[in-house]
Each structure stands twice: as structure tokens, then as C-alpha cells.
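*Asks:* What follows is the residue order along each chain.
Number of protein chains: 2
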Amino acid sequence: MQILISEIKHWMTEAGEMIKTALLANQLTVDTKTDRKDLVTNVDKMTQDYFVKKIVAFDPQARILGEENGQDHLDKWSGRVFIIDPVDGTMNFVLERENFCIMLAVYEEGQGILGFIYDVMKGQLLWGGRDIGVFLNEERVPQPADIPLSEGLLGMNAAMYARNSHNAQIMGDRSMGVRMSGCAGLELMGMVLGRRVGYVSNLAPWDYAAGGVLIEALGMKMSHITGRKLKLDGRERFLAGTPHAYEEMLVLSQQANN
Amino acid sequence: MQILISEIKHWMTEAGEMIKTALLANQLTVDTKTDRKDLVTNVDKMTQDYFVKKIVAFDPQARILGEENGQDHLDKWSGRVFIIDPVDGTMNFVLERENFCIMLAVYEEGQGILGFIYDVMKGQLLWGGRDIGVFLNEERVPQPADIPLSEGLLGMNAAMYARNSHNAQIMGDRSMGVRMSGCAGLELMGMVLGRRVGYVSNLAPWDYAAGGVLIEALGMKMSHITGRKLKLDGRERFLAGTPHAYEEMLVLSQQANN
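Chains as they are written, first to last, in full-length UniProt numbering: chain A, 1 to 258; chain B, 1 to 258.
Just so you know, the hints here were simulated from the structure itself, not pulled from any lab data. One should not assume that every hint holds.
All copies of an identical chain are treated as equivalent in the list; a pair is satisfied when it fits inside any one copy or across any two copies.
[Said to hold, decoys possible] Distance condition first, Cα-Cα at most 25 Å in a straight line; then the derived DMTMM-like pairs of lysine to aspartate or glutamate:
1. K33 with D131
2. K20 with E151
3. K122 with D59
4. K20 with D38
5. K37 with E151
6. K37 with E139
7. K122 with D233
8. K221 with D31
9. K37 with D146
10. K45 with D131
11. K45 with E248
12. K231 with D173
13. K37 with E247
14. K37 with E108
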């Protein structure tokens, strides 16, 4: 496990340097995918290729699930699976040049074992797992207090909030305020660091795999917004929170009509 | 003018050090004002007192408008006025320990002359004015491109977005995405740095005075959301944007029923 962890940390920092270099050199080529707001850049693709090459060299048996380059679906979850989001928050990457991250999760036999979230521009690598705890760079992260919804900031998806899907607006009202950062990884990092009481969104597996391992390692909860287990297949309405806030939001979600 | 500028920069950085020291020492005492989400801390009050003392010593004739300590209204705008927000984004200050700023604006005869926004935790001081341009620390900030709404991120107020006030949701849909940071100063700093195409919110004078001077110095526009001039008196529905995006949003706002 130690070898695997130090190997992945090396990949994350090396990929971060590649991304910073490309940003500074203004070498971004931006394309759209499903619609005008669904962006991908040459840097997303290059970074995913980098990870795939490293993973294949390190563990040729492992499966890989990633956002880009047609690797976005898996039929089998047996053995070891690496889940990659080469640039999470691509819109921020392009328009803000900050507030994005690299994410990688390791699953074994369908269970999340390790998670890594790297805020490239801040130089903050959050990593850990169920059996080892969570660390920010080399400092252990304490378990956040189990605060109720009313005492924390709630990360929120804009479309769900606009439509009050699953009572998202009521969840927001009961919290100390909603925040929209445009980066799932940084919202989940915020939960780990005690800056968010929860997160409501519509996410693909690579958006929550790494952060999910980390929040669960610290006793926080996540599921489909209706309470069922996440399927790790396609986009799903996502709910996460401190145990206390999660239960409050789940009740609100189950009372909703839409 | 140079003496005034270097004096204020000195106050901003000194106040920033006081705030960081208080944060690190965990010396926050949090109270509520109008409701449970309207926070004020001992640090907001201490910082405003610091500025008031410095201003009175520097220019005893000047008037002062500030968020805290009962200095939140002015009858006369003649002569020189200092407008202070000692901690903008107090909720973030308390719950995130980042994403807040100190703001100061200088008005003369009712006109904004100088603006200062200090992102304390990032160590970024944005400052400038109509006649001198805008600087980030000591580097001149170029004029952002006059992009349309469809090409940029839109800073947004949660309550206005939830209720679709002034067609806020349609504005959001037409942009590249909405962002809610909980800090007006950082949203306006984002406009200056080309990371936001605009900002829609409900703001008091100290929330937009400094940022307003800076965005106008770079050719961007702001007004009440209906298009009339801001009154600098009490909370107002606020609209700002690149000239292109501002006009698009103003049309949407004027077409709205609420």
C-alpha cells in the first residue's frame, strides 16, 4: 500500500507541474463535448494519457475509468480499478485558471480504498483512505465535527438549486449559505477540511470517487440523493454531508415532488 | 494622491496581518446582527476601529462610512469620504477561514476616486482608480476583453437566483455558469481579473464601493439592476458586467416581472 500511495502522489505532483506549465505557456486548446458548457481541453486529454501510461506500467492488470478519451464506462469492478479525473472543474481551469483539481481514486473489488484530490494552483494534495485516515500534504486532517445543516455552508449544483430539485432550495435556506464553485473535487475537499456541511450535485463517478473515499474515511456520508447506493455508472443526483446534515437533507429530498 | 495611496496600502496590509494573527490564535467571537446568517465578529469591529483611527489621524475632515459600529449611514457626500468594509465575506471568514477580503474606497464630492480590495489569505491587493488604472500588488492589470454574457462566468446572489428575481436564472443560463462565493469583493475582483463576466447581487455601499471604482476604471459597468444609478444608501439590487454583458443582462432584468 505504501508503494502504491507514494507512486500515485508522484504522478499527481508531476501531472500538476505539466498542467501549470501548459497554463503559463498559454497552450490551451478548448473543445466542447455534449454542449457549449461541457468543455474539454488538450490538457485534460494529455493529463489523462499521462495517468493511463503510468498506471499501465505500474499495474498492467488494473482497469481504468476516466472522464476523457472514451474510457468513461466499466462493465466489471473486480480487481483493482483506477478512477481518474484529469482536470475537474475544466470551466474554471479555462476561465479562472484556478479552482480546479486533479483527482484519482483506487477501488478494489468495488470498494473505494484510496482517494487523492490535488488543488494544483494552491499546491494542496489531499489524500488518504479508510484504513489510513486523511492527510493534507503531510499533515493529518482531524475528523470534522458532526454539525447540523444549520451550522455550515452547503456546496450546491446551480441547475438543481434553480429548479428546487429534491428541495435543494430548502436545504440551502436551512444551511448557513449555498456556495457554487464549479468544482466537485474542491467541494468534497471543503467537506474534509470542515468548510462545508454537505454537497448536493449531479455527478459522474470520477467527480465523486476520490472525494467519496476521503469523506467516508472521516465518517461523513454520501449516496444517491434518494438515499440508495451510488451506482458508479453515469451521472447521478448526489448527496453528501456530515452524518447529521446528511440525514436532514435526505428527509427533505424524500419529501420533495421533483 | 501618491501619499494617500501609499498610506492606504500600508493600512490594508497592517490590518491584514492583524486579521491573520487573530485567525491563527483562534480569537474569533461571533455575534449575529439582523438574523442568524448575518454575522459580525470581534475582528470585523477591531479592524474597522483600526481604519477609523488611521483615517481620523490622516485626514480629520474626512467622513467615514463603514459596515460596523453604527457608521453605516451618511447624509452628506461632499468633501472626502472613506468607505470601509473591514471584513467582506464574514461568513466565509468564520467558516472557511479564506475567501474574505478587506475593502476601502475613497470618494470625493460623491465620485469614486480610489478602490482597494485585499484578499488577505492570498496576499493579493487589488487597487487603483479612474486616473491611474488598476494594479494587482505592483503589477498593472490589463483591461479585460468586452466579452458577451455567453463567454464568461457570472457571480450570483443565492436568494435572487432561487427566486429568479429580474430573470437572474436566465442570465445564469446564458452565461458559462453561475458562481456563488459569498464575498462581493472577490466577485468584483474576479471581474477586474477577467474571471467573471458580471455580478448580480443585493449589496450595501461598502460591498461595491471599492470594487465599483476598480471595474469602472477598466471600462466595465455597474448600476442598480433596473439601470438607474446606485444611491449609495442602504442595500440595493446590483448589476455589473462587461459593457456587452451588462447590456444583455439589463434587457433581461427589464423584461422580468419580479
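*Asks:* Run every hint past the structure and note whether it holds.
*Replies:* These are the hints, each one checked on the structure:
1. Proximity of K33 and D131 under a CA criterion of 25 Å is satisfied in neither setting, with 38 Å inside one chain copy and 44 Å between copies.
2. Taking the shortest alpha-carbon separations for K20 and E151, only the inter-copy value of 23 Å comes in at or below 25 Å, while the best intra-copy value is 36 Å.
3. Proximity of K122 to D59 under the C-alpha cut-off of 25 Å is found in neither arrangement, the shortest distances being 30 Å within a copy and 39 Å between copies.
4. For the homomeric pair K20 and D38, the shortest alpha-carbon distance inside one copy (22 Å) is at most 25 Å, but the shortest distance between copies (38 Å) is not.
5. For a Cα distance limit of 25 Å, the shortest separation of K37 from E151 across copies, 10 Å, qualifies, whereas the shortest one inside one copy, 33 Å, does not.
6. Taking the shortest alpha-carbon separations for K37 and E139, neither the intra-copy value of 36 Å nor the inter-copy value of 32 Å comes in at or below 25 Å.
7. In this assembly of identical chains, K122 and D233 lie within 25 Å of each other by CA distance neither inside one copy nor across copies; the values are 31 Å within and 38 Å between.
8. With identical chains, the CA atoms of K221 and D31 are never at most 25 Å apart, being 35 Å at best within one copy and 30 Å at best between copies.
9. Taking identical chains as interchangeable, the C-alpha atoms of K37 and D146 lie at most 25 Å apart only when they sit on different chains, with a minimum of 19 Å there against 35 Å within one chain.
10. For the homomeric pair K45 and D131, neither the shortest alpha-carbon distance inside one copy (32 Å) nor that between copies (45 Å) is at most 25 Å.
11. In this assembly of identical chains, the alpha carbons of K45 and E248 never lie at most 25 Å apart, being 39 Å within a copy and 34 Å across copies at closest.
12. Taking the closest pair of Cα atoms, K231 and D173 never come within 25 Å of each other, the shortest separation being 29 Å inside a single copy and 29 Å across copies.
13. With identical chains, the CA atoms of K37 and E247 are at most 25 Å apart between copies only, with a shortest distance of 22 Å across copies and 32 Å within one.
14. Taking the closest pair of Cα atoms, K37 and E108 never come within 25 Å of each other, the shortest separation being 33 Å inside a single copy and 43 Å across copies.
Checked against the numbered hints given earlier, this structure breaks hints 1, 3, 6, 7, 8, 10, 11, 12, 14; the rest are met.
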